[in-house]
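*Asks:* Here are the chains, one letter per residue:
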Amino acid sequence: MNDERARDALALAERALAFAEAAGASEAEALVMAEDAALTRFANSQIHQNVAETNAVVNLRFVVGKRIGVASSGRTDDEGLRTLAERAAAIAGVVEELPDWSGLPTPTAVEPIAAGYASATADASPELRADGVRQVIAAADAAGVTAYGSFATGTETTAVANSKGIRVGETRTAAQLLTVSMGPGGGSGYAEQAAVDATTIDAAAIGRQAAHTARASVDAVALEAGDYPVVLNEYAVVDLLDMLGYLGFSALAVQEERSFVEVGKRVGSELVTIVDDGRDPTGLPMAFDYEGVAKQRVSLLEAGVCGGVVYDAQTAGRDGVSSTGHGLPAPNTYGPFPLNQVMTAGTTPRDELLAGMERGLLVTRFHYTNPVHPKLVIVTGMTRDGTFLVEDGKVVGPVRNLRFTQSYLDAIAAVSAVSQERMTIKGFLGGVVVPALRIDGWTFTGTTEH
Amino acid sequence: MRDLTQRALDTATQLGAGYADVRVVRRVDESIAIKSGRVEGVATGENEGFGVRVLVDGAWGFASSLRLTAEEADRVAADAVRIARASATALREPAVLDDRPPAHGTYETPVVEDPFTVPLERKIADLLAADEAASKIKGIAFTESMYAAQREWKTFAATDGSLTEQTITHVGSAVEANAVDGDEHQRRSYPDSGGGWNAAGYEYVRGLRLAEHAEPLADEAVALLTAPQCPSGRFTIILDPSQLYLQVHESCGHPTELDRVYGTEASYAGTSFLTTDKLDEGFRYGSDLVTIVADATAPGGMGSFGWDDEGVAAQRVPLVQDGIFVGYLSSRETAPRIGRRSGGAMRADGWNRIPLIRMTNINLLPRPGMSLDDIVADTDDGLYLSSNRSWSIDDRRLNFQFATEVAYEVKGGKKGRLFKNPTYTGITYEFWRSCDAVGDERSYVMLGTPNCGKGEPGQTGHVGHAVPGARFRDVQVGVGKW
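Chains as they are written, first to last, in the numbering used here: chain A, 1 to 450; chain B, 1 to 482.
So that you can see chain B by itself, here it is in the shape it has in the complex (with noise of 0.2 Å):
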């Protein structure tokens, strides 16, 4: 492997590249997808390939290609110098690159029980107990359950003599209960909506104790159909791990990518109010109680690595401190345009991808003190909403809108009866700011995504979030008519 990737970068620096970097990554996939008991889609995946980017003078362009061989390195590593010249046509300000030190050495995600070679047998049978389990109960449509895994393995090498080498390990399953009776479909799911996720090995899959779960969520989703609509209004709401890391995600993890906010993203994603300038005045972005951290040496998150993908080692930045917006997302191009050095997040998904700043761990930090059963108790009026079910969030990541599979009335400090259809609304730096009450550790849990899109060509990501509960006051819930 080290022969084709310092061919593609003696080939690139012969043409005329001042810096070069190639990603060689091979990634294989599992997936098993059950339907009300029917094994409906199990699936294995393989491919493999590098990329080339390079810098001249400083435009960039990247080539890639499946074919590993000497020749395609050459041809690969020619194309991308030439896209490189042809950006150079429309290019204002050259790209500089901060000066990290070369990346050394290898990372592999932990792991004690291989995914991989855990039978097939065992993994359908697994997901099966849950599906059967949810699905006895009467009124349930149908159900879905699923467990994906996914390793990579990834050699990167650059102009400047890194060269690092890691294995990643993803899994990830969740079961999921559906009631339909006319117009009205709810659901229930756990460990949240998206699925349980964690970089690790099939011990965080029966960590999870689907099939334990299957039977009360099944039963919630039945409730729900006769439940009544969840009432409008401004109200005090708490929110559970499976609907908070979201919040997080679309609320503080897009709005500090720095390459969101020099408008690199503009024509797709969007771009973020959290502009520099508020970087400078120490801009309130929540209640005190509000400490957010990136973090990719977080344990099972999606987002921890050795290394990011231009050879940057991992570490933890904050990003808003005691409720102080203080730090970015940031890469080896953007971080020194606010005086940093980066802040290792830029990655790609897989060989034919550039990098990107993407989020690693955004985690919420939990706060000595009170559980998340205590915050209830706490609680005098309000609505407890669990697990996402709708999300949509403005171009610079103000206006918020998320919906929820369930909420829960909580009068005089207890979890009362079930509403449908609930929804909240808001903007962030308001809604974060009226954050009264963070759960401690007992509530604080690794979840993730592994869908978050970015970038054109599109890219899927893979990042983690560790969050406990949090309250927030006075909050606009139930929009829409229905």
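This is chain A alone, in the form it adopts within the complex (with noise of 0.2 Å):
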């Protein structure tokens, strides 16, 4: 560990736990979560809003026994320290015993991943931000068109000591720039680009691809729903990852048995081969999870048939083998989360995508989904900034939106071609490497006006 920031976090970690073992805790995991914020939003192509905070947690799990009660607190003074070991130890001292409570987690081998850094993103100003969204704006301008979005930047500090000798932290930083355009006759297009260093953000592309789509899908007509085959674009294609994390990627998932999953089970394409990997650096990497276990590159899907799902040490515990680095902060009722989600690039320029598809639609993104059977993983959802009729491998026009009805897993059986070409996407939680997919059947079940 050699950033201070890290080092801070961790010895205000080391204090928590030792108030909560002065407290009588026999095991005591204090988390430390500390970010400098940022974000500049603009609409009517103009900045309206613009924020920055600092902030701080200590969250600390105090065990006596099997009894657990977890507090949490910004105040980083002795007396907020030894207040909150009182109210994990009074939640301890009358709660229930979790009988297969199997223990905190032991230290495993983390080590730290230089790419999750960037100075020049934990050093971004307010004007940088601006002059990025300037960029965005004049891109819309020279469109035609309005730019409405959001440039956030920003530097997360984490560290985790428990009473089992994990001693970890790390400082990492993101940054995301997403502009939707909008113009006369309707049209709406979407781009975004997130990374470790927002110096490497391309404001003026991004600009220039929502604006482009934005002119494409002007004067949109209706189409009828029904089955169609379907082109997504990497902005809708994170939506599946993050759902099938959301389902069915959990090791509590498939215990409870409202997972999909079942390791060695085919249920997608031989196309599709999906990783949980916090190390891969072209996403958003982290080095180890909210309990202080060094993240595990876990296989979810590998060709198609299920590979593993992610551990906490609380499910790890339950299946008698170790945590793959997954948990998220305590108490988590939810249970482990793929946070790093990385979809293996496929072979087709993404250019060629369309090419075969006699009529089907290009799909931008998807807006406001959600699940109707979380098992089979049906979810609803809408068309959103740009869905284009396709006919004979080429777009011929644009169309309203359309509300589909979907099973994500017949969606991921169906992917007939997987593009060359990946994006790094902020997703639910965390940074999602996806690229863009050809499926060869999507159910859209309505539409609407625009």
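These are calculated hints, taken from the structure and not from any lab test.
For clarity, every value in this text was computed on a predicted model and none was experimentally measured.
Covered, in the sense of this in silico footprint (three residues per stretch, anywhere, with C-beta under 8 Å from a C-beta of chain B), are these stretches of chain A: (1) 92-106; (2) 133-139; (3) 368-380.
Backbone N, C-alpha and C define an ideal beta-carbon position, used for all residues, glycine too.
Now that you have both chains on their own, put them together as the hints suggest.
*Replies:* Take a look at the structure:
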């Protein structure tokens, strides 16, 4: 560990741990999460919201035998930490035992990830963000459309100290620029880029891409709902991975029989390989989870066949295996989560995904998706910001947005092409690396007026 | 605290802010999660900090910190001004605020039984009793029960001399039973799938009587495993409050947010079909029976307060009157653009977030005459849908699709057999225009949600919805295939 922020955070975690041990904990874990974050937001081609925050929280898991209490606080002085320990101890004193509590995790080898931090992001100023926004607006102006969006930069420090000897800390940075362009005739487009280093984000290119889609989607026509083959841009594909992760790739979901995952069972096309890899430098890397366990690379789908699921300490204890480093902050009744999903690139150039499609749709992204049948991963949602009719391998024009009600399992089984190129996108909780996909069947169940 | 707020305001003013406000917020919370009789998570949290919002030559800046010191007040105020000057480099229309009178006073949520002093053992025991009642039903795979409480102490001060102090308390609780057979997973919950939530004390949780409701709902969860699939087609549907509140939330609450109309949420949540020309023309949003208000004074609602987070007093704003669209949720910046004063709907999720236009309590008012049972008795052929399971709506809030936990067949004015996996879909204004019965006070209940998402960076809002049951004609039911 070579960064001062992480050292300070770990020292704070160790102080909190000491108060917990002094208060009688048989096991304890102190998690410190500190951030400096800023976000510049724009609408109607001007900045309308512009914010910054400095925040920190100490989350203390206090264990007495098999009784567990959790308390959190933003106070970092001795009195605050003492009170924190007392609050957590008071809970542990009255709750029922967890019969299968297997203890806090033990130390693992955590290797720092240099690729997870960029000083340019940590030092990003409001002027830098405003400059990026102006580039997006300029691209929109040039295309005769209006720009909306946000440019976020942030530094997050995480540290964990527990009574089993875990002592880890790291500082990560992340930046995200996204924009929606809207123009006359109801045209709408979207583009996004996420990166560890804010200065690698090409704001002008993002602006041009969204503006181009907005111009191309002017005067969209109604299309009847029904089954169509689709090409999903990366911004839509990220929703597939988020939902599969949310509903299935967790050990707790399997243990509670609400997951589709059965190891060795084919659920996807041979073209679909997904791993969770916190160390992949093309994503938004993190070295360890919120229990201080080193991130393991977990094969989730290997050529369409279920590989493994992600574990935290508690679910690992139940199955007699080791945590894969996917724990979330306690108390966590939701279970472990794959924060760094990476889908393997394919062999089809992105601009050839439409080739051979007789009649189908090109989808920019999805909006407001929600599970209808969790175990079958049936999801409903809308298309948004550019939906196009494809005939004989070519885009022939924009169509109004459509509602779908679609099993994402059926969708990954019907993947017939995967792009060579991939993008890093901020997903539901973490960074996701995805290609674009061609899927041979997608069920659209409704229409709207734009 | 006043020293800190004044220091921040003075610094911001000295550095060039034409307007500034500061909020100091301390929040405590407590949660209990039980799964199949196991106390899986008990947690308490506290955080405190302040945020400074400034307007410099019509450009906005905001900065915040958890360190409540004079030096930090100076730093944060200066940071906010610097950020505002950066905003000014991409500004086309300077922000202008309406001229509401300075706000002064205190407000406190009425609480009979302080949830933070009720012994933790008592609260756990109450939940365990409900959980046990559900889990003892044969065929139940797992149960989940939850309790949560949150209290905020909030001081607001502004350069116009406003100073308010508020203490706001919210509580929520729920029990849920799950039955699983192969790929079939059925769930029933009470009082609704997200839990019953009110601005109140523990008396509200006791009043829910979770344990009494747990057993019958668990029976239904098991029965749903073998129930027939809900049919597809055009149906008359009756929505009870546990579903109708979310229908109001998604298809009336969000589209009447005036910031969405003006595009300032376009990059995230979207915009709205309720454009201002529809206000001018008296757009027919629903049938004559539909009257919806935004009421920040409603007892028990999580959208109730004394003043919003820019110092505008709580008020009741008509949104839809006898079916006609008549008003918006608004702020000091947006309301003047439609020639009105702020409706007092600016709310922030804690000290480190700016206020946004948020729902207060968006209430569908009851109509005298028919109870919910009367509506069922008045229905020859239809479906009665209860408790939300899934929701989705497009980015202009027109095309929606909801799933509920259960549908009951209604034949000859009586509720009959169960159907599993019901869904329904429609276009917002067509749906509300098809409303031909609204229940009276007897089914009118205050519900709400503690997880309304909006804004970048993300904010989670606590909002209230008081609704009765209601009936809708010719609705598309049964969407998708499985």
